[in-house]
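Protein chains in written order, with the working numbering: chain A, 1 to 353; chain B, 1 to 353; chain C, 1 to 353; chain D, 1 to 353.
Rather than coming from a laboratory, the hints here were simulated on the basis of the structure. We put the CB at the ideal spot given by N, CA and C, even for glycine. Any given hint could be a false lead.
[Said to hold, decoys possible] Sample of chain B residues lacking proximity to chain D, with all beta carbon distances greater than 10 Å (derived):
(1) Ala4
(2) Gly103
(3) Arg127
(4) Gly136
(5) Gly169
(6) Pro280
(7) Lys299
(8) Ala340
(9) Ala349
[What the hints assert, rightly or not] Now the stretches of chain B that chain D is said to cover, found in silico as 3 or more residues with beta-carbon under 8 Å:
(10) 154-168
(11) 216-230
There are 4 protein chains.
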Amino acid sequence: MTEAMQFASDNWAGVPDAVAQALSAAAAGAVPAYGDDDGTAAVSERIAALFGCPVSVFYVATGSSANALSLSALVPPGGVAFAHEGAHVQSDECNAPLFLSPGLRILSLPGAAGKLSAGGLDAALERFGPPVVHHGRAAAVTLTNATELGTVYGPDEVAAIGRVVHGRGLKLHMDGARLANALAATGCSPAQMTWQAGVDALSFGLTKTGGWCAEAVVLFGETGAADFPYLRKRAGHLISKSRFVSAQFAALLADDLWLRLAAHANAMAQRLHAGLAALPGVSFDFAPQANALFPAVPKAMAARLSAAGAAFYEWPDAGFAEPAGPDRVRLRLVASFATAAPDVDRFLAVAAG
Amino acid sequence: MTEAMQFASDNWAGVPDAVAQALSAAAAGAVPAYGDDDGTAAVSERIAALFGCPVSVFYVATGSSANALSLSALVPPGGVAFAHEGAHVQSDECNAPLFLSPGLRILSLPGAAGKLSAGGLDAALERFGPPVVHHGRAAAVTLTNATELGTVYGPDEVAAIGRVVHGRGLKLHMDGARLANALAATGCSPAQMTWQAGVDALSFGLTKTGGWCAEAVVLFGETGAADFPYLRKRAGHLISKSRFVSAQFAALLADDLWLRLAAHANAMAQRLHAGLAALPGVSFDFAPQANALFPAVPKAMAARLSAAGAAFYEWPDAGFAEPAGPDRVRLRLVASFATAAPDVDRFLAVAAG
Amino acid sequence: MTEAMQFASDNWAGVPDAVAQALSAAAAGAVPAYGDDDGTAAVSERIAALFGCPVSVFYVATGSSANALSLSALVPPGGVAFAHEGAHVQSDECNAPLFLSPGLRILSLPGAAGKLSAGGLDAALERFGPPVVHHGRAAAVTLTNATELGTVYGPDEVAAIGRVVHGRGLKLHMDGARLANALAATGCSPAQMTWQAGVDALSFGLTKTGGWCAEAVVLFGETGAADFPYLRKRAGHLISKSRFVSAQFAALLADDLWLRLAAHANAMAQRLHAGLAALPGVSFDFAPQANALFPAVPKAMAARLSAAGAAFYEWPDAGFAEPAGPDRVRLRLVASFATAAPDVDRFLAVAAG
Amino acid sequence: MTEAMQFASDNWAGVPDAVAQALSAAAAGAVPAYGDDDGTAAVSERIAALFGCPVSVFYVATGSSANALSLSALVPPGGVAFAHEGAHVQSDECNAPLFLSPGLRILSLPGAAGKLSAGGLDAALERFGPPVVHHGRAAAVTLTNATELGTVYGPDEVAAIGRVVHGRGLKLHMDGARLANALAATGCSPAQMTWQAGVDALSFGLTKTGGWCAEAVVLFGETGAADFPYLRKRAGHLISKSRFVSAQFAALLADDLWLRLAAHANAMAQRLHAGLAALPGVSFDFAPQANALFPAVPKAMAARLSAAGAAFYEWPDAGFAEPAGPDRVRLRLVASFATAAPDVDRFLAVAAG
């Protein structure tokens, strides 16, 4: 059965029971729409408490729109944002950030293991130079944590980047589609990882963690907060029956469920990594820190796994230091809250041949 | 208890048990994301069968985005769309259709009881004239069925408009956020109300009918179909865990549940209308055909209802033939699948004083 | 010879000798591009002196872009502007204001003789209501002076509108594609007609007055000034060899040439009006105040004029109180700096039959 | 006198006498506006003859808008264009191509001496992969000829790129802001350099060559031609008194004036190069082929030149193989039609110390 070895994506998973039950419990009764309900207010308060600071919280429909609308809230006309060349905002959102923030450009920066470095960023901003009408004005930096490559910025790394960003008068956005995995990996607090490290706007995504459709933009300061309700609505992203998003957030944030789900996913990725790393012909550029790993494996191994019903994607070599080479193929394996240890073990057994 | 006299909006209602159960049933297991799952394919087939013709079906996050992206699929650069002056696309979407379809203009047309007339539309298109680079090119007409004012276009009316629209080489869009109510009111088939009457693109909304978040764009022809996946994704409207939208559609379309829910809502609106019309000082411009009604009532009556815990909106007089006048106020009352007859009767009893 | 009875448009005229000579004089030598030349700085100072207040001046390529970029500088996300239903921004710019100011909506207001009234505007803004995410936020009013219909707002009328606009926290834009004609007609100062009456942004157009391509946006306050260089450049409207625009402005503003040219055009329109008004079967809704007039004339007269080589446009009846009726046709006749009295007299002689 | 050693930019030059005279000659008389005049039709015919094929010609206000609107005509929703990382569309247009073509992304490609290579492009397109809703669809390639770095693609190089582009179903745009310099450098025909080599859309710029404001988009096929009038007008780029643009084009294209002006500018660049290359401490990555050169020179030399009144820009080292190093600085020197040999020689004398 395919599902037993399901490592294609964390958004191929459904939701845990707690979320399903919360949604069912929210089915009855009349409550105001468009975010004016008590449940949505309660989630906002919960998020403020979680981060330990005043926040503005705005649900949106997708992670792409969370990123795009965050940038549109931070970037003025003629603004330029900077992102890792492999960032989701660059490569996987059909240019939504450019479309929803008209006239935005996002410059790509290299960086090992899917991460920006503070030094590399600073040099790039120095090269870009001060605001000029021709090349535009550097306005924001966006980083992804956990990254597309399963690596994680620690709070010190984010803070170092935050100092560069604010030192130059820019704003910092974090794509937190897998924030839970980053927090689970580092053990630091949401506050340490975000506003205390200089993050101005966060795409706070819980869909991949274990929601159906649970995405919010969290603004930590004034910038963009007054405009955001209009930015969201004019993009068609104000969900009418917002109570159902609130139900998901409430269920996932209660008792740190979101962090426990992410810790499980991370652990399953570690288990996969440990098992694969021991196999001949398998190599990694770097160990996974979150819930995704990218082994280069013998082509025969990949074929054997597919034949046995495992689900995963082959992945381009770009962005990795050591190429897979002609006889191997690079895979992306993603664990989720729903991944079970026996699934991992069976996958490893097939891989071992 | 407030909920007992809840007539504020049909999107203040939750979901019926069948939908809640379908969502719970979809919680487990791994399925492909972004619409590549079997459930989504099955819903597309179900919708094709429902309309009796080939269709392209695209889930989107909201009714606003359904309308906006439909228009962006139908309208070329320099294009102008035409809508009733009270249409949701004009007045209630924070300009989302103009933002998501860059450069679109929507011209407002008057029309009694919230409806465009074929004759009035034809005259307006004649006045607008042929494509000219200065005023742009007439490209699409959008109508709402059921309308914002609780009235309904019958299939003959849509067809008359469709003939005008296609006779001039334009495209026809229907905002079907309350299509179920229109079908329940008229008894005609989905096909008769849409493509057989000339509709090229439909915003097929089931959220107000009884979903959480169940909106789709249905294209009946080639126009825009190849571009739509990109139009949707670049607007951030491709939902990742699409199976949960499919679960709602599947539950609502099974055994005509959607039509039965809408018929119930319509009946509750009729019950309200019958009761209110008998009260002194209450008048209607027109009888409700769908699930909303707009009585002008004595201010004292409105105050009495509010004091008793009834929920409703006061509504502007614009668009109604007979003004409420200084001593009365116009109300909007909306029934939903969740409205119960005793709620209506209690409301009427309070109204009677 | 057609040119002898040329009343099609003031942009069918070329330029007066002074402008042609100024352009020739600017041909030689090297000067910085993109507005960094001394000549452009001098024009900015000249415009500041003309208006008697600090200003920000930005050349743009066309009147459409002047209007569109002015609005984009004044209107925040979700903003709605208000304009006369016959305004150029609504009907003649292929939606450029909506495209260059993404997400902008412009609501149409009626008004006699092509003009908004302060009272009508105030009522419309009251009806529109306070900022709400659904209908958006009223942000700006744009009026055209002289209007599309050859009428003129006096400074008191602008000031009355300005009080309504600012009393509600909105911004006021004036489309001054024919500002010179309005000033010549009223005799008031540029300051009285603009910032002293509450205008925040002016499309200061001298092309129709007697330039080749001489359009500027003049901002009277801080709003939008810091963003404007970027708004302009990202729309492709930063002209490289700006000295040639400066040469036109300098020549036209020197010794009040622009006002003298406009006074001449206005006088020619008056001469046409006086002559036509005396002819049987000719009627006007209102007398011309600027350089355009809109007589309803017998169809035979129109045919006679065309046959004799006169150039003019037939014009829609919409916006006029008295319809032309079946046997007559409404014409638009526009005089320019290049219109000569004998041309007018010959036209009148042919019209008289 | 500064102007005597003026190498800052070719758009710091004015216009040659022939252009000034043509503009003066166009000053009188009435002709239709918005491109409907005989002179504009004649220029279109002249351009068709020049290229030896049917073309659609559209004047626009600036080179930035020529590039941006060309791309908007070639790229569908979700489309991605590819350009050299140093291309003007990427670095010098304040994101105008992204703004005027909403949702466009332009991917940067490296390439020696400011040029794309056919092989590098093909590999990049292969890496990008087929259309997918997440990363979008590769749609167009844009190259600049002559390049920003004063190098030139020969017709064979363009044709090789054209084969890659069309072999993958994409469209090819050429930014020809300095097309004249490229043609003068290679001696090939306009046809060989453009449509015969696979170019679908050309930004045909004559402003830098010797116009005031003389930019056109030339489309060689059907793609985008029907939409272009609307794309242009909605961006505010339809110039009203188009006769003045036509006068410039007519004067410059007559008797190959444009090519002679460009040949002169190229020759002055060669003269500069020959002189500078002989000086100690001066080096070039590559010899100039068009009218710009980028020597790395001792800082003392640069200071001496500035002190003597020479005008030029210091230029970033990025994009050059050999860095200037700590004691030197890279300069950009641009010659124009107005550069005189004695200016060059004086510059060289000062440089020699």
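Exercise. Enumerate the violated hints, using their earlier numbering and listing them in ascending order.
Key: Result: hints 2, 4, 10 break, sorted rising.
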